[in-house]
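Sequence order for the protein chains is E and L. Here the numbering used here is used: the first residue of the first sequence is 1, the next is one more, and so on. Here the numbering used here is used: the first residue of the second sequence is 1, the next is one more, and so on.
Do not take every clue at face value.
Intra- or inter-copy, both count: the list cannot distinguish identical chains.
To be verified - Quick list of in silico lysine-lysine cross-link-like pairs, DSBU-like style, CA-CA up to 35 Å:
#, residue 1, residue 2
1, Lys448, Lys476
2, Lys445, Lys476
3, Lys196, Lys333
4, Lys106, Lys172
5, Lys337, Lys77
6, Lys54, Lys448
7, Lys265, Lys35
In case anyone wonders, no lab produced these hints; they're calculated from the structure.
There are 2 protein chains.
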Amino acid sequence: MFLLFKIYFNVDIELTIVIVMGKKKSGRDEVTELKVSKSGNFSEWYNQVVQKAKLADYAPISGCMIIRPYGFAVWEKISEWFDTKIRNTGVENAYFPLFIPERFLKKEAEHFEGFVPEVAWIEKMDENEERYALRPTSETIMYDAYSKWIRSWRDLPLRLNQWCNIVRWEVKATRLFLRTREFLWQEGHTAHATRKECEEEVLLRANQYRELCEEQLAIPVVMGKKSRSETFAGAEYTIALEALMPDGKGLQMGTSHNLGQHFAKVFDIKFRDRDGEEKGVWQTSWGLSTRTLGAVTMVHGDDKGLVLPPRIAPVQAVIVPIYDNKTKEKVLKEGGKLKKRLENRFDVHLDDRDAYSPGWKFNEWELKGVPVRLEVGPRDIQKRQVVMVRRDTGAKRPVKEKELAKSLGKTLDLIQENLFEKARKFLLENTRQAKTFRDLERLMKNKKMAEAYWCGSEKCEEKVKEKTGATIRCIKEESAKKEGKCICGESSRTIAYFAKAY
Amino acid sequence: MFLLFKIYFNVDIELTIVIVMGKKKSGRDEVTELKVSKSGNFSEWYNQVVQKAKLADYAPISGCMIIRPYGFAVWEKISEWFDTKIRNTGVENAYFPLFIPERFLKKEAEHFEGFVPEVAWIEKMDENEERYALRPTSETIMYDAYSKWIRSWRDLPLRLNQWCNIVRWEVKATRLFLRTREFLWQEGHTAHATRKECEEEVLLRANQYRELCEEQLAIPVVMGKKSRSETFAGAEYTIALEALMPDGKGLQMGTSHNLGQHFAKVFDIKFRDRDGEEKGVWQTSWGLSTRTLGAVTMVHGDDKGLVLPPRIAPVQAVIVPIYDNKTKEKVLKEGGKLKKRLENRFDVHLDDRDAYSPGWKFNEWELKGVPVRLEVGPRDIQKRQVVMVRRDTGAKRPVKEKELAKSLGKTLDLIQENLFEKARKFLLENTRQAKTFRDLERLMKNKKMAEAYWCGSEKCEEKVKEKTGATIRCIKEESAKKEGKCICGESSRTIAYFAKAY
Numbered sequence: 001m002f003l004l005f006k007i008y009f010n011v012d013i014e015l016t017i018v019i020v021m022g023k024k025k026s027g028r029d030e031v032t033e034l035k036v037s038k039s040g041n042f043s044e045w046y047n048q049v050v051q052k053a054k055l056a057d058y059a060p061i062s063g064c065m066i067i068r069p070y071g072f073a074v075w076e077k078i079s080e081w082f083d084t085k086i087r088n089t090g091v092e093n094a095y096f097p098l099f100i101p102e103r104f105l106k107k108e109a110e111h112f113e114g115f116v117p118e119v120a121w122i123e124k125m126d127e128n129e130e131r132y133a134l135r136p137t138s139e140t141i142m143y144d145a146y147s148k149w150i151r152s153w154r155d156l157p158l159r160l161n162q163w164c165n166i167v168r169w170e171v172k173a174t175r176l177f178l179r180t181r182e183f184l185w186q187e188g189h190t191a192h193a194t195r196k197e198c199e200e201e202v203l204l205r206a207n208q209y210r211e212l213c214e215e216q217l218a219i220p221v222v223m224g225k226k227s228r229s230e231t232f233a234g235a236e237y238t239i240a241l242e243a244l245m246p247d248g249k250g251l252q253m254g255t256s257h258n259l260g261q262h263f264a265k266v267f268d269i270k271f272r273d274r275d276g277e278e279k280g281v282w283q284t285s286w287g288l289s290t291r292t293l294g295a296v297t298m299v300h301g302d303d304k305g306l307v308l309p310p311r312i313a314p315v316q317a318v319i320v321p322i323y324d325n326k327t328k329e330k331v332l333k334e335g336g337k338l339k340k341r342l343e344n345r346f347d348v349h350l351d352d353r354d355a356y357s358p359g360w361k362f363n364e365w366e367l368k369g370v371p372v373r374l375e376v377g378p379r380d381i382q383k384r385q386v387v388m389v390r391r392d393t394g395a396k397r398p399v400k401e402k403e404l405a406k407s408l409g410k411t412l413d414l415i416q417e418n419l420f421e422k423a424r425k426f427l428l429e430n431t432r433q434a435k436t437f438r439d440l441e442r443l444m445k446n447k448k449m450a451e452a453y454w455c456g457s458e459k460c461e462e463k464v465k466e467k468t469g470a471t472i473r474c475i476k477e478e479s480a481k482k483e484g485k486c487i488c489g490e491s492s493r494t495i496a497y498f499a500k501a502y
Numbered sequence: 001m002f003l004l005f006k007i008y009f010n011v012d013i014e015l016t017i018v019i020v021m022g023k024k025k026s027g028r029d030e031v032t033e034l035k036v037s038k039s040g041n042f043s044e045w046y047n048q049v050v051q052k053a054k055l056a057d058y059a060p061i062s063g064c065m066i067i068r069p070y071g072f073a074v075w076e077k078i079s080e081w082f083d084t085k086i087r088n089t090g091v092e093n094a095y096f097p098l099f100i101p102e103r104f105l106k107k108e109a110e111h112f113e114g115f116v117p118e119v120a121w122i123e124k125m126d127e128n129e130e131r132y133a134l135r136p137t138s139e140t141i142m143y144d145a146y147s148k149w150i151r152s153w154r155d156l157p158l159r160l161n162q163w164c165n166i167v168r169w170e171v172k173a174t175r176l177f178l179r180t181r182e183f184l185w186q187e188g189h190t191a192h193a194t195r196k197e198c199e200e201e202v203l204l205r206a207n208q209y210r211e212l213c214e215e216q217l218a219i220p221v222v223m224g225k226k227s228r229s230e231t232f233a234g235a236e237y238t239i240a241l242e243a244l245m246p247d248g249k250g251l252q253m254g255t256s257h258n259l260g261q262h263f264a265k266v267f268d269i270k271f272r273d274r275d276g277e278e279k280g281v282w283q284t285s286w287g288l289s290t291r292t293l294g295a296v297t298m299v300h301g302d303d304k305g306l307v308l309p310p311r312i313a314p315v316q317a318v319i320v321p322i323y324d325n326k327t328k329e330k331v332l333k334e335g336g337k338l339k340k341r342l343e344n345r346f347d348v349h350l351d352d353r354d355a356y357s358p359g360w361k362f363n364e365w366e367l368k369g370v371p372v373r374l375e376v377g378p379r380d381i382q383k384r385q386v387v388m389v390r391r392d393t394g395a396k397r398p399v400k401e402k403e404l405a406k407s408l409g410k411t412l413d414l415i416q417e418n419l420f421e422k423a424r425k426f427l428l429e430n431t432r433q434a435k436t437f438r439d440l441e442r443l444m445k446n447k448k449m450a451e452a453y454w455c456g457s458e459k460c461e462e463k464v465k466e467k468t469g470a471t472i473r474c475i476k477e478e479s480a481k482k483e484g485k486c487i488c489g490e491s492s493r494t495i496a497y498f499a500k501a502y
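Isolated chain E (complex conformation) (with noise of 0.2 Å):
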């Protein structure tokens, strides 16, 4: 062990990349190490990094999870952003119940048939009681509220967003964050005056959410409508954020329908406009999972663990003291000292616990996706500097400790940058075009994301889906410059990004 420390110490240039001896000796335990590889086992990876990391637990209820703190302190990240976000673009936060009567459901046909499969609904307690259902989203149930809250023109936009539990009783086997009967999410609510102010919002909270997954997951994202059979039951047509997973598949990370008036219809909302005349609303509704951070695993994620983009890491930078017992007052002093440097700046822990050695410390943190780590040591102190590694290359170097601060802030931003950037290259270079149906299924077979002209018929799509497993994920919003042919043969101008979904 104490080689270990002797070692580096001596290592003294800038960016070169250290394999701390530590390691082998105090070795990755049970706890700290994955026993599979990225490329050998993808979903088994991924299941131990989302355990091993302690970012969600299976729960003792078939198809359920528990977000254990570390992945609630995620959420919490990815949630405070976009809370801010819409607040200033003039969306408040409400509660609505839990439960949506069976009639409501049944108001909308198309909705209902939507989601009738994967209902949970409560036991009567009396014979005389309603149906009552968990809410699989909540249209229905705030809108019979909108109808009773909105008069005049004076009361839109209305504009509602909510934090909460969702129920979907799916059959389909469990995967952590990506398909489980409980998840939490946002679900905002708006309605309009008139069809054009819908359609804006819709589309500023589609922008809403790339900018999120973007530049705070750091996950490139295409973005654009639904084909009809992939759209929201209800609505006439849905917005779609789908990123591409490292086995080749597309996820959805978050979805903006326009409602047009379907719901304002069965649910009777209308206002008075200034023109005295009593109108339907025009509506929107958009919402972003705890699934995302099922997608910042898979992304980012390595044979270590889990990488965490700098913006949504609940710890930026963890300081990791190593000291004997000759040395350790002197230097657990040292690292309270630069925490509380750091701490008004990042978010940033000391990880002071004398029971486990610097090695598995350096382990836990990796699994742990800490985006930095910062070593101090009795030799460090003397040359006033910190030894800090990067998360995402390895690369490690002295960092003077009055630069610190400032290193410190550039290397956070150089992360954020780094894993967007080999995120962008992997959705680029996996993403191809597809000219003939073989194609299409060649690049499936081999886990592309195809691109291919889509003549819209959903005969065509449906043979893809049969054939190849993959769906389109969405529609190009830009037309194609000139005609082509469909996968089919049709031709078309239409472009659709097709992949297969988990």
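With chain E's structure known, arrange chain L on it following the hints.
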């Protein structure tokens, strides 16, 4: 209407209380007028304030409520304050499933008995599936996980909290915030190595609740253990914080439970201690809910509506510009300037809605309990002043623009203090000593809280409940200096608080 402005522009004397004529002219309309007084019909007054101030609304599901944005914003103020408090004392947030297997609830017999009458269950999807309850509280589902996560003394103390929805299928009549089938709360759940640490934790959280009640909500409380019959199902003892409502009823504001090793035993939560021995953990749980919003409404409200303590007011000061067509631009500009100057230190809102008159706005913001109103008109601009009106006293005075921020800060402090003092006086004046059963009966009839010696017998407690409708709200922390006589005649050193409850 114009008369209004002219009149009070001439009023310039500090602290003169002026009845704004505009109110009479514009009148309180349907929307902003309460149709009963607080003293006249307290229960109906409460219902109207909650709904007209837009704190909450009845949901179309029997027994449920919708928390509207304004009410939710108050809850956010409360929860943010408390969340910071518990984080700073070692607590982390997490999220556990809404569903609890029936077999878990049954593990702790007393716990099951206590909750089963009001548990809602979900319909089984197939016969082989377990029966799941919707969480009425989360001890069992959380402690099952604790038994897996806790291995060593190094894992202790474990302190987790969750902010979530809770379902208790009440059969009594619904009261918004006070008794609904679903409500929001936080529940903290900790595990410790020793009984001593556990007891300290119970007290720490109770004292944090007291601080929240008294310093944030401006509601004085009595605090002490619950009698055995009122103790949380499964706990060794419960410390409760009880407030007195204007109708003489006691309201439980929060509770902190010492669970001893009951749950550790049934859920097998053991750890290896430093001495190598395997031991059971000691546990606490503690919760505070949206019910507190009901208490705030009842305690501070008046015949004009809600009165919010400044520290939990989503809008601490509202700027109401007063203008006609000629002065509109100038006055709105000034309003904007004032807002900008204040918004870094206070939650301030500029009510620039053109479709409503100043009189209507005054009424609405009074109904919503905004602590301070700032009126600004052309004459005020000329004099470089703003007219500041206190919601709690109605006191009105001009304040020089350059002293506004300072003066507003001071005024908000005064309001916070005044509300607490008024409530404290009410509590003192309405808590009376009962020496005999007769005394107690009379006090309950007269809507007082009684302080009386209590022998400690459940039979005596049961008799009180039967004959007077009162329950023991809590037992005074310090036992009496000299022995006295219980209301049943037995001698005792224990003093208890008695009151009716909702």
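35 Å Cα threshold - placement of Lys172 relative to Lys106: Both, since 25 Å and 29 Å are each at most 35 Å.
Up to 35 Å CA-CA - Lys476 versus Lys448, copy category: within (17 Å within a copy, 70 Å between copies)
Copy assignment of Lys265 with Lys35, given that the CA separation must stay at most 35 Å: Intra 55 Å, inter 34 Å, cutoff 35 Å: inter-copy only.
Intra/inter-copy verdict for Lys445 and Lys476 if alpha-carbon distance must be at most 35 Å: within (22 Å within a copy, 73 Å between copies)
Within, between, both or neither, where Lys54 and Lys448 count as close if Cα-Cα is 35 Å or less: within (30 Å within a copy, 51 Å between copies)
Homomeric proximity label, Lys337 with Lys77: Cα distance no greater than 35 Å: both (26 Å within a copy, 33 Å between copies)
Homo-oligomer pair classification [Lys333, Lys196; C-alpha up to 35 Å]: Result: close only across copies, 30 Å inter versus 61 Å intra.
In this structure, every one of the numbered hints holds.
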